[in-house]
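Please build the complex by placing chains B and C on the supplied structure of chain A, with the hints as guidance.
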Amino acid sequence: MNKFWPLFFCFWPVVAIVVFWISPAMNWWFPGMAMSPLGEQIDNLFYMILLVVGIVFVGTHIALGYVLFRGVDHADDKKSWFSHGSHKLEVLWSVAPAGILLFISLYQLEVWMRYRVKSHFPDDVQPIAEVTARQFEWRIRYPAPGKPLMPTPQPDDLYTVNDLHVPFGRPVLIRLRSMDVQHSFFVPELRVKQDAVPGTVIPVWFETIDEGDYDLTCAELCGWGHYKMRGRVLAERELEYQAYLKTLQAEQGYDGVQELKSTGAQIAEYSQGTDNKTGH
Amino acid sequence: MKFSDTIVCAVALLSIAGCSSNSVPQFETSQDTEKLFQPARDAVESELHAAFGTPDQLVVWPELPVDFGNFGGSIEKVTTQGTVVVPLSGQSPLATADRLPELSGAAVLVAPSGGDETAEDGQAPAEKAVAVYRVAHYEPESKSLHVVGDDGQPTQISATEGDGIQIIGDGLQKGRNLYLRHCVHCHGVSGDGDGPTAPYLKPRPRDYRKGLFKFTSTKPGIRASRDDLFRIVKLGVPGTYMPSFMLLPDDEVSAIVEYVRWLSMRGELESKLVVQLSLDFSSTRLEDESFADVSAEFDEFRGSDLPDIVSSAGEELSVDWSAPEDPENVVTPKEERVASSEESIARGRKLFLSEKTKCYSCHGETGAGNGTATETINDLPGQPGVKAEEPGLFDSWGQIIKPRNLQRGLFRGGRRPVDIYRRIHSGIKGTPMQAFGNNLSDQDIWDLVNFVLNVPFEKKTQASH
Amino acid sequence: MSTLSPTADLHGHGHEGHGHHDIGFVRKYVFSTDHKIIGIQFLVTTLLMLLVGGALALGVRFQLAWPWRTVPIIGNIVFSGEGGSMSPEFYTMLVTMHASVMIFLVIIPILAGAFGNFLIPLMIGADDMAFPVLNMLSYWFMWPAIACFGVSFMVNGLNAAPAQGWTSYPVLSALHDSAPGAGAAQTWWLLGLTFVGVSSMMGSVNYMTTIINMRAPGMTLFRMPLTIWSMFITAILQAFALPVLTAAGFMLVAERVLGFNFFVPGGLIVNDNDPTIGGGQPLLWQHLFWFYSHPAVYIMLLPAMGMVSDMLAAQVRKPIFGYKPMVYSMAAIAGLGFIVWGHHMFTSGMNPALGMTFMISTMMIALPSAVKVFNWIGTIWGGKVRFNTVMLNCVAFVSMFIVGGLSGIWMASVPTDIYFHDTYFIVAHFHYVLFGATLFGCFGAIHFWYPKMFGRKMNETAGKLHFLLTFIGFNGTFFPMHMLGIAGFPRRYADPYIHPYMEHLMPMNRFMTLCAILMGIAQFILIANFFISYFTGEKAGRNPWQANGLEWSAPSPPGHGNFDVLPVVYRGPYEYSSPLIDDRDYLMQTDPPPNRTTDAAPDQDRTAPSAEDQA
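Chains as they are written, first to last, in the numbering used here: chain A, 1 to 280; chain B, 1 to 465; chain C, 1 to 615.
This is chain A alone, in the form it adopts within the complex (with noise of 0.2 angstroms):
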């Protein structure tokens, strides 16, 4: 019973290194391989981390394991070790820490600016669509095929709702607002998230590697329905994505006459894509 609680102190980090380790079979993990190349880059810099972080956690509850157990041998000595420090310690542990953490700051400047700073944007970048975020839903306007996305609304604009579409293989930006209190536009599979704050426009760029269709969820408490704003980006080739253009224009100026397509139907063409019976 003496060896009982060293053990058990060793006992919890094993299982916690034991459960991050299944975690990613257990699929557990990132929702898939960041599909977006500064989501790439963020993963490497999580993997980084996660090695750096892995050895002190091992290293530290190696120690703190080890003085436990040795803290039993001693148990029945008169005294321990009067120690009031060790100034060389002291040193090594403070300066061996501050270089590691430089090291990460370093690391990652590059990726933050690419991702923030306006300057770095890839030079090509263009905003394709306006992201209005608003209780509880995404609301986006495209300019009309072929032209550009002016800062206010054009009478050929084009409005959808909860789904973005991009062309995926180049960089696209969109302009995020919000029409009441703050949201966050966040796609995970991408690694791309930025606040929406009522009253600024903010430029979202971002670049997908694959087609695919990428959730895209609220990240900043809205309210009651903060949970309901599902939206999807779906990422598809520069050919669908002008047909899917001229659809949305064909659609919103739909005048009742040219075809007799019921609205289900038209709205299930363009919203889900090809067949689709689970709305992903």
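Honestly, the hints are just simulated from the structure, not real lab data.
Keep in mind the model is a prediction, meaning the values are calculated, not measured.
The C-beta atom is built at its ideal place from N, Cα and C for all residues, glycine as well.
Worth double-checking, as some hints may not be accurate.
Okay, the calculated bits of chain B under chain C, using three or more residues with CB under 8 angstroms as the criterion [said to hold, decoys possible]: (1) 25-35; (2) 179-192; (3) 195-202.
Here are the in silico distance ranges between beta carbons for each label pair [claimed, not checked]: (4) C/527 x A/110: 46 to 56 angstroms; (5) C/44 x A/209: 52 to 62 angstroms; (6) B/131 x A/211: 51 to 61 angstroms; (7) C/221 x A/102: 28 to 38 angstroms; (8) A/155 x B/308: 51 to 61 angstroms; (9) C/150 x B/308: 51 to 61 angstroms; (10) C/221 x A/73: 28 to 38 angstroms; (11) A/246 x B/459: 53 to 63 angstroms; (12) C/80 x A/102: 54 to 64 angstroms.
Coordinates of chains B and C only, in the frame set by chain A:
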């Protein structure tokens, strides 16, 4: 006092406290029903229960034009073991193939062939003798269907080749589950627009029980169509707290739409019954007469007249809710839209400000929604001559309503030209926005549409925001 | 310089001390100005609030495990029409009030109010705080705060209680119509916050003055126990940071009630109202709020760090490894704590250049925390360890603090924070530091100083059982949150599973809820232990732990005026296993320098330091 004892006591107390029975949502009766004399109230509740059930025990009333997600087919072969071979196919978007294995216990209707139509919208054929069984088991590969009797006992199915089979699906249950997850906290269990969140929302969530929906494509006096409701759920209502459920799969949205229609029919049945019963059996009668007398009269009424009232109400519902699906009842412009030119917009503005339409009296001269009607006492919608108690405009649900501020460019019923056309042509049901279709030609309406769509882009002469 | 109270009382007979005059029950126990009574009042009140905050958390966990099912106990009362399932705004209220109660009514008051009050005069050799009446007021200002929070639950009904997050960001919290809970309830919440702030400010002024002015003779700054250092540094943090929160709170109240426009820009349309007139900036609130709330997290950590240092040294019978580095580290944490607040705002849209500066300072602040962890391990190194309840809780502190601190690195690094912000990774991080570290530290402190407070020891078996169940429940609940965060599971979601990428995470949430329920039940063991030991616990003498601090030379419990003999301090607080004496492994601060030719009994008459006095 030992600690082990303390711990045991504590855990016991907590487990008792923590266990409460799982309760289920309940339909509520409307305020008008509450005003009836008690036995009449009970009768209304029991009729509703018989026709619609409770949220966790739904009753399928086949007469209603609701898509229950039925499957149907024609018997190919009757085997000697008492099963039939019948290729079943879904008869609506709700009857998807993956639901076939889950149908055990579902009702099976066998309609003898020869002259009848197995209706394709889920309605059981009404006229011929229909035998009712329950599904025991269906094998999709061999297409063989085993049944038991309606009472659950084993039985031989009596049918011949060519007879029609209807299996009542569980589409309504699916709709109910989705509704309880996504809709109930605003729209309420009974669809009365009074869920826990409702008091904090402007405008309030729709109360389905009148069978009225604002943004429809159907003619005045016709109910909303499935397409209309599908559109609202998919696209939301911009400018309100009705969000867009764009990413729900189509079959789920259809299921929700069916359930909403079903709730609406339930609400309508309740109000039809209440209207009839409150003629003679409201609780104010007890002020003059004794309970026993009224009771006796009611018992007789209940036996002789009430069933007829219920069945004719059912027929009305059936007609009312099938009508919107008829393309004849959808408002379709006869002429294509006039191009949005400056001349068209100018004509539209002239119409907007004219005495013929008086749009400006509600929407204001600049379209800001601040017309004079917002400050005067007006008639209640649908009740000409009956004045409201306070100034302003009211909708049929008793809520104050603001005319649309056209400068915002946010159109609740949709921003397509045809949507705006329909608002002008047929009005907005349940609101003071009237139908102008009889007074204006298509050309006029298109001019107005062009004007309305252009209002947000006019140069602002007055400070609006 | 230290001041001796001229009226130092010389009796030490527990609570029933014969005062100068009989002051009656109410003045003695209810509106007491005695720091010990006030400390105990804070302790009992915060333990009660701990149960309230815990219950709110269980509501949150229930919804995440069984979304939209009937809520136990209250579901049928509050939501009977819907079959007992909670509404989404109720859920956001639960997360808001859980955090508000835990932060403002539990952790901050238990550290500064309960332990700070009780321990500071005792550990520095004073007979009471510098301002006893102010001290009493600081306790009694907690009750209006509790009342305001309570009213906020009821003023518009439970469905409209504050639900804008404990961070209360405008615009959501500024406009009355933006959410059901943003009505009158939010104003009451802000008033409650103001009262807590006033209470904390009073305490902070008191502690700083007492520590600077009222130390016993011989108690130089670097002979103070680390508990006192931590309380002192925390008090400075409070003094500088709190006014900013209070000002921000007043600004938000002015916005809501008087129509000012500090935070709300123009042109916003909420709930079908007319567009706002505006002119304000939502980010302003975030800066002001986090300017306080980041130092607040160090306010919620440093006292526990100090107390754990003291408890650890006593349980391993060794001096603290690196006393001065420990002091400097705490000062560095506090100082740096003022310049890191922007790391809560990396995705907020603030200037990215600011983001870089905050990133650097946040990385730097990891360093003193790391130094402290190494020093704690160094303290245990070579010690003879007593594995009692106090020790277990302290080791848990160190271990959980390592996890919490390390997870912070991902958040200091801005690109990874972009992903983790507002996900459960953050929730995991702060629960590991606030619960895993601070609260376990408090549990240890309760067991350690209980004999001094009440003259009896708590039950050791119950203490270990409480520790075991809490530790297991805690890790089962909060460790998986790291995975949830990596999976992109956002915070404050009433039904995350409508998003396809999170559907598969419900079983994990169920597991976490079951662990949370275990953890909740385990707290009743502590409560029972606390109250039952008061009556039937083993009686404790002055120094049941053979510890060195000044408080252990006073009677248990100390009478009014604390010390029966005026304390004089000869050495630092961690001279365990000193080679200067042979027959004991501890040497109290108040023991005169041992003379090897005579017996060194602890109760010798001591009036002035002798010429042989050694530090």
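Results of checking the hints against the structure:
Under a criterion of three residues with beta carbons nearer than 8 angstroms to beta carbons of chain C, the stated coverage of the segment 25-35 of chain B is upheld, 3 such residues being counted. Residues of the segment 179-192 of chain B lying with their CB closer than 8 angstroms to a CB of chain C number 7, which satisfies the three-residue condition for coverage. Proximity of the segment 195-202 of chain B to chain C, defined as three or more residues with a beta carbon under 8 angstroms from a beta carbon of that chain, is established by the 7 residues found. Here the CB-CB span from residue 527 of chain C to residue 110 of chain A is close to 53 angstroms, well matched to the stated 46 to 56 angstroms.
In this structure the supplied range 52 to 62 angstroms holds for residue 44 of chain C paired with residue 209 of chain A, their Cβ-Cβ distance being about 58 angstroms. Distance hint check: the CB atoms of residue 131 of chain B and residue 211 of chain A are about 53 angstroms apart, consistent with the given range 51 to 61 angstroms. A hinted range of 28 to 38 angstroms holds for the C-beta pair residue 221 of chain C and residue 102 of chain A, which are about 32 angstroms apart. For the pair residue 155 of chain A and residue 308 of chain B, the beta carbons lie near 57 angstroms from each other, so the given range of 51 to 61 angstroms is met.
Checked against the given bound of 51 to 61 angstroms, the beta carbons of residue 150 of chain C and residue 308 of chain B, roughly 57 angstroms apart, stay inside it. Taken as a hint, the range 28 to 38 angstroms holds for the pair residue 221 of chain C and residue 73 of chain A, whose Cβ atoms sit roughly 37 angstroms apart. Between residue 246 of chain A and residue 459 of chain B the Cβ separation comes to about 31 angstroms, which falls outside the hinted range of 53 to 63 angstroms. Between residue 80 of chain C and residue 102 of chain A the CB atoms are about 59 angstroms apart, so this pair conforms to the stated range of 54 to 64 angstroms.
Of the numbered hints stated above, the single one contradicted by the structure is hint 11.
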